[in-house]
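When you get a sec, could you build the whole thing from the sequences and use the hints?
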Amino acid sequence: METKKNYMLPIIMMIFLFGMISFVTNLAAPMGVVLKNQFGVTNAMGMLGNLANFIAYAVMGIPGGLLLQKVGYRKTALVAVAIGFIGVGIQYLSGHAASFAIYLLGAFVAGFSMCLLNTVVNPMLNTLGGGGNKGNQLIQVGGSFNSLCGTLVPILVGALVGEVTKANITDVYPVMYIALGIFALVFIVLSIVSIPEPNQSRSTEPLGGLIKGALSFRHFILGAVAIFVYVGVEVGTPGTMNLFLCDPNAGGLDATTAGFVAGTYWFLMLIGRLVGASVGGKVSSKLMLSVVSLTGLILVIAAIFSPLSLKVSLPVFQTGATGNLSFGVTEVPISAMFLVLVGICTSVMWGGIFNLAVEGLGKYLAAASGIFMVLVCGGGILPFIQNWVADIAGYLASYWVIFAGLAYLLYYALIGSKNVNRDIAVD
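Using the numbering used here, you'd call the opening residue of the sequence shown number 1 and step up by one each time.
Don't read these hints as lab results, they were simulated from the structure.
Since the model is a prediction, treat every value here as computed from it, not as a measurement.
Among the hints, erroneous ones may be present.
[As the list claims (entries may be wrong)] The calculated DSS-like cross-link candidates involving lysine-lysine, where the alpha carbons are at most 25 Å apart (straight line), are:
(1) Lys-286 - Lys-418
(2) Lys-75 - Lys-212
(3) Lys-363 - Lys-212
(4) Lys-282 - Lys-418
(5) Lys-286 - Lys-363
(6) Lys-363 - Lys-70
(7) Lys-212 - Lys-70
(8) Lys-363 - Lys-311
What follows is the structure, encoded as structure tokens:
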């Protein structure tokens, strides 16, 4: 009982950090609406903050693993939190300077922090919980809080922005204050509280050899590409939908309502993860990934070919004539409804792809995980490409990029995930 009492505070801090990964990362996409209107840039340029955030994963993925091996989990977490505070702080300063470039720098720095936090929060929560079922339970709690924060961000940004044409970085300051406050609090707690260090397995083989070994497996290479594609699909679907709904010539909604619609996508991801966790022990990763990829393809096709004039009522929060928030139904293009439902499909994809890609890798698993972290950068690159297409061909036409991504994930589930290199020694 004493151990639980001593570790309760750092456990809470780790759960907050789990949420902050989603909070800060998902801030970049709805900020595209602000950047587009404040600086008069294209859709693709508006998503540059999102691109900068995710490109940091490509830069920091492998160095982050080396830092973890050298200084341990606790010190790496402290470094990550400090960098996160600096990154959000730079974004805050960009509002005072009204500078697009400074905002992009802040998003890039914040991305370094998110990459590092992704490497430490799972094992630290597991260790603080004592491992086993309790440790896994804490990870699930952290994952749920992560999804909740992802749901809240576009809602908060939309509510703060109000009239889209007058959007300004300074409007989103309250969201940044929340992030800065949590980072500062967590840093102080982790600095003064003694916590156990997760056990680290140190391989005697050089990192280069382990990476080369992991890349000897075809199903892993295709799986790494699948992670790149998946994160792009996960981020691009609601991110572009938010821009689409805020455009007076397309969705025609105010920023607040559009934010709530986009937030519903992330809420459905939370529901999907809870359902996926309950059936995961009974359904194979291959079957689960196949079903959700195919369903996602059907939903995206339906969205692309549905006319903008066809409306459907969705239950969401909305702004009244006086500017007050209320809950009710609002009319949105039926395409938006189909895209919101894609959130159920993307909710369980990460775990399925990871399980299929690392099956049979043995001693190469740690190196494989590092490569996966690098390829999370797809969450910035694919949405940028999608919005470049949107600038040229229109919002709904841009979802052919998402369609192509889901088609690849279906291929990987059905064919590409098979381990054809079982002759390679992994002990």
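Practice task
For the pair we were handed, Lys-286 and Lys-363, check the Cα-Cα distance against 25 Å.
Solution key: At roughly 23 Å apart (the allowed maximum being 25 Å), Lys-363 and Lys-286 satisfy the hint.
Practice task
Could you grab the alpha-carbon distance between Lys-363 and Lys-212 and see if it respects the 25 Å cut-off?
Solution key: At roughly 12 Å apart (the allowed maximum being 25 Å), Lys-212 and Lys-363 satisfy the hint.
Problem - Hint consistency between Lys-282 and Lys-418 [alpha-carbon to alpha-carbon, up to 25 Å] - result: Roughly 20 Å separates the two Cα atoms, so the pair holds.
Handout entry: Restraint check for Lys-363 with Lys-70, where alpha carbons must lie at most 25 Å apart
Key = holds, 19 Å
Problem - Lys-363 paired with Lys-311 [C-alpha distance capped at 25 Å] - result: violated, 53 Å
Exercise for the section: Sort out whether Lys-212 lies within 25 Å of Lys-75, counting only the CA atoms. Expected result: Distance ~29 Å between Lys-75 and Lys-212 Cα, so the pair is violated.
Handout entry: 25 Å limit on alpha-carbon distance, applied to hinted pair Lys-286 and Lys-418
Key = holds, 10 Å
Practice task
Decide if the proposed pair is consistent with the structure: Lys-212 and Lys-70, CA atoms, cutoff 25 Å inclusive.
Solution key: holds, 21 Å
Taken one by one, the earlier hints fail for this structure at numbers 2, 8, listed in ascending order.
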